[in-house]
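Residue numbers (this note's numbering), protein chains in the order written: chain A, 2 to 113; chain B, 106 to 498.
One thing to keep in mind: the hints can contain errors.
Selected chain A positions facing chain B (Cβ under 7 Å, derived; list incomplete) [said to hold, decoys possible]:
id: 1; residue: 19
id: 2; residue: 57
id: 3; residue: 90
Beyond 12 Å from chain A on every Cβ pair, some chain B residues (computed) [claimed, not checked]:
id: 4; residue: 160
id: 5; residue: 200
id: 6; residue: 265
id: 7; residue: 319
id: 8; residue: 380
Derived list of chain A stretches under chain B, where covered just means 3 residues or more per stretch with a C-beta under 8 Å from a C-beta of chain B [unchecked claim]:
id: 9; segment: 67-79
id: 10; segment: 104-111
If you're looking for bench data, these hints aren't it; they were derived computationally from the structure.
Built from N, CA and C at the ideal position, the CB exists for glycine as well.
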Amino acid sequence: MKAKNVLMNWQELPIGGFILDAGSSVDYETGTWRTMKPVWHKEYCTNCLTCWVFCPEDAFVLKEGRRPSGKPRSEIQEINLFHCKGCGLCVRECPVNKKGQKTAIELATEKI
Amino acid sequence: MSRTVAITGNGAIAEAMRQINPDVVAAFPITPSTQVVEDFSQFVADGLVSTELVTVESEHSAMSACIGAAAAGGRVMTATSSCGMALMWEMLYVAASQRQPVVMTLVNRALSGPINIHADHSDSMGARDAGWLQLYSEDNQEAYDNLVMAPRIAEHLDIRLPVMVCLDGFIISHAVQTMKLEDDEAVRRFIGKFIPVYPLLDCAHPVTIGALDLQDYYIEHKRAQHQAIMSAKRVVQEISDEFAKSFGRNYGLFEAYRLEDAERVIVAINSVAGEVKEVVDALREKGEKVGLLKIRLFRPFPYEQIREALSGAKIVTVLDRSCSFGAYGPLFTEIRTALYDLPQKPMVYNRVYGLGGRDMLMNDIEAIFAESKQYQQNETVDKVFDFIGVRGD
């Protein structure tokens, strides 16, 4: 695979649709498949990482953070929209959303 | 040493498979191809080959197993007929698009329904767009020779596509003819060692096969696939020439039988070509300028070469042993397309015959030549398309 978003000509392709490099899906943009976009409300997020567990595209990017007690933990940094297909699993599984009081993540219409 | 043997078409195919000694054969027996796998399983049981014989539960599984074994890095063969290949349908396209050099004997038989077990070409003609190369065989010798050439063609690095070797059910598959069986070692030398391309069993170099292919790449892959099968016109000729050097029988992309000065030509495919040759010889004795163009390679279709070969003809009758319901016969459409670019086009018309194994007799072929003589004199073709050998007008 070449660099991101550079499409190969038919003469350059490996035989039979084979993919010769492991991990090539990292370079493959599936974000264009999206009709709805996840919008993350950081202020209501508890960083339980349920969304990160469920996401089929591994689109939740983590960073190192700290609990209020000071213990280290992983926290959501951002959503990688290059890979996110907008399936909405994160919205459905979010425990904050399920409680019904606040919305930590929701789907919004993509602007074209 | 080569031997002259009396053998059925199916027996000859099985002998070729024994000599080729493929790594894997996965098959599900179906009439009239049954004897191929029956004989071959005996060779496996007797230890004459080192092949892994996979007895599957359906033809869909047979082709799936063939694709898997080829992807793993093996030389793979199978055999089937008619509804058996129809059940493989989905996997035929997968084998071709994944560029797996599977070699399959297709003993031509009518598709249901009503159910029928005898020869016609509805099976292979229906599969003409699957991406497989198709080689057709007039007799037992040509079926055997085609199968010996098939792995070389399929495995050629410019092609790397599955090859279907077709022969008529019962007429060829079950009829005993004398033919030359080549020496085992000579056949193995001719075929050479199998060279795998990105085999799955090469664990040091893992690859992905069969990944989802969408709007951004599918058509590029199809374009490349088309290029590969178009290269086969050159490669089939080269391998055929090499075969002639090794074994003395010369084939090529098609056979031009007494075509040099022929005005009235029949274009035919598979076993009926033998009878047409007899009639051509008899009419030539009487001074009539008739000839036969026998199709061998139907996919890819050698348009340019056939156009050249038919450029001197005045009238061409194309015989189709299958019916594309609601359209002209599949062979006819190719021939008329090939002729369209000639400045002086011969008249060309289509006759469908022999469906479900209905005999094509010598006097049927004589009648065709008599009809084409009439059309030539009248300078017009009355019926572009018709059935022959059918009761009722």
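Verification of the hints:
{"no.": "1", "hint": "19", "verdict": "holds, 5 Å"}
{"no.": "2", "hint": "57", "verdict": "violated, 14 Å"}
{"no.": "3", "hint": "90", "verdict": "violated, 19 Å"}
{"no.": "4", "hint": "160", "verdict": "holds, 27 Å"}
{"no.": "5", "hint": "200", "verdict": "violated, 10 Å"}
{"no.": "6", "hint": "265", "verdict": "violated, 6 Å"}
{"no.": "7", "hint": "319", "verdict": "violated, 9 Å"}
{"no.": "8", "hint": "380", "verdict": "holds, 41 Å"}
{"no.": "9", "hint": "67-79", "verdict": "violated (count 0)"}
{"no.": "10", "hint": "104-111", "verdict": "violated (count 0)"}
Violated hints, listed in ascending order, are 2, 3, 5, 6, 7, 9 and 10; each of the other numbered hints is respected by the structure.
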